[in-house]
Amino acid sequence: MTSLLTLELPLSGRRKPAGAPALMMVTVVMAMFARGALAAGASRPPLPGTAGRHTVIIEGMRFHPGTVVVRRGERITWINRDLFPHTVTAAGGGFDSHAIGPGGSWTYVPTKPGEYDYRCTFHPTMKGKVVVR
Amino acid sequence: MKRAIYLLAAILGASVPLAWAQGSGPTDPQIAAIVVAANQVDIDAGKLAGRKAHAADVKAFARRMVTDHTAVNQAAVDLAHQLKLTPESNATSESLQQGGEQNLAHLGKLRGKAFDKAYIDHEVAYHQSVLDAMDKVLIPSAQNPQLKALLVKVRPAFVDHLEHARHIQSSLGGS
Chain R
1 MTSLLTLELP LSGRRKPAGA PALMMVTVVM AMFARGALAA GASRPPLPGT AGRHTVIIEG
61 MRFHPGTVVV RRGERITWIN RDLFPHTVTA AGGGFDSHAI GPGGSWTYVP TKPGEYDYRC
121 TFHPTMKGKV VVR
Chain U
1 MKRAIYLLAA ILGASVPLAW AQGSGPTDPQ IAAIVVAANQ VDIDAGKLAG RKAHAADVKA
61 FARRMVTDHT AVNQAAVDLA HQLKLTPESN ATSESLQQGG EQNLAHLGKL RGKAFDKAYI
121 DHEVAYHQSV LDAMDKVLIP SAQNPQLKAL LVKVRPAFVD HLEHARHIQS SLGGS
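Quick note, the sequences are listed as chains R and U, same order. No gaps in the numbering here: position 32 of the first sequence is 32 in the working numbering, and each next residue is one more. No gaps in the numbering here: position 23 of the second sequence is 23 in the working numbering, and each next residue is one more.
The hints are simulated quantities; they were obtained by calculation from the structure and are not laboratory data.
Among the chain U residues that face chain R by a calculated CB cut under 10 Å, a handful are:
{"no.": "1", "residue": "67"}
{"no.": "2", "residue": "71"}
{"no.": "3", "residue": "72"}
{"no.": "4", "residue": "74"}
{"no.": "5", "residue": "153"}
{"no.": "6", "residue": "154"}
{"no.": "7", "residue": "157"}
{"no.": "8", "residue": "159"}
{"no.": "9", "residue": "160"}
{"no.": "10", "residue": "161"}
{"no.": "11", "residue": "164"}
{"no.": "12", "residue": "167"}
Here are some, though not all, of the chain R residues that point toward chain U, as calculated from beta-carbon distances under 10 Å:
{"no.": "13", "residue": "62"}
{"no.": "14", "residue": "84"}
{"no.": "15", "residue": "120"}
Note that the Cβ used here is the ideal one computed from N, Cα and C, for glycine as well.
Produce the entire structure from the sequences given, and follow the hints as far as they go.
Take a look at the structure:
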């Protein structure tokens, strides 16, 4: 617990260059988050910024973020904010959303660890990566 | 044939950016007409190529052009309605239409691999010239923020299409 807190402090300090009271509040929130997460995740604390659900936004013919790192069993949802249909298709097989229409979404729960490059089969310049730990 | 392609590229490439070189840029109603004409030209060519193309990747590209450019046009028409903006035909939109008709007439005479090459060569020139027009004329000239935002939003699609067309062009044996 202590090590987690000291790890989070400088991060929150950098992201929020505010005065001492704000920093203290952030610290308290972080402490509560860390305790709850530890209790739920038993011996495995979650990766920073994750809580078992991940979102990839498809916009401007790009995947944001380009690389998403997850634990197996966690959910990844791609949300298409473009005017065009897109796909999320693993280059070496494994997963394929088929067409996700404008405004639509697709959720995938990876079960096998590994690194998976994926692309939109409709638009060859669109590439992304899923890292499953 | 090479001369014809060069001519088409020249028509598209030169007239779009240069039509507004002197004086002020196009108005929003004129921009709307240019956007609709530019997309319609590529939809029409894509429909023809969807039927006539020889190679599977050219056919798939053509169908993608129809889907994507139809979506852009729908968004442009919806926005024009919302803004009560009536597209106003102008020299640039007319030259785009004319270039599109010439392209269709040219493609209509070709078959097989010659058709694929001519269609893709034209797609490369077309997307390059539309991107140039967007960057140099359309986006900087757009007054309404929503119209400007729509142009900015769809720009990456033209970049993807250009790269896609260039990739197919190189696989077909260059220009």
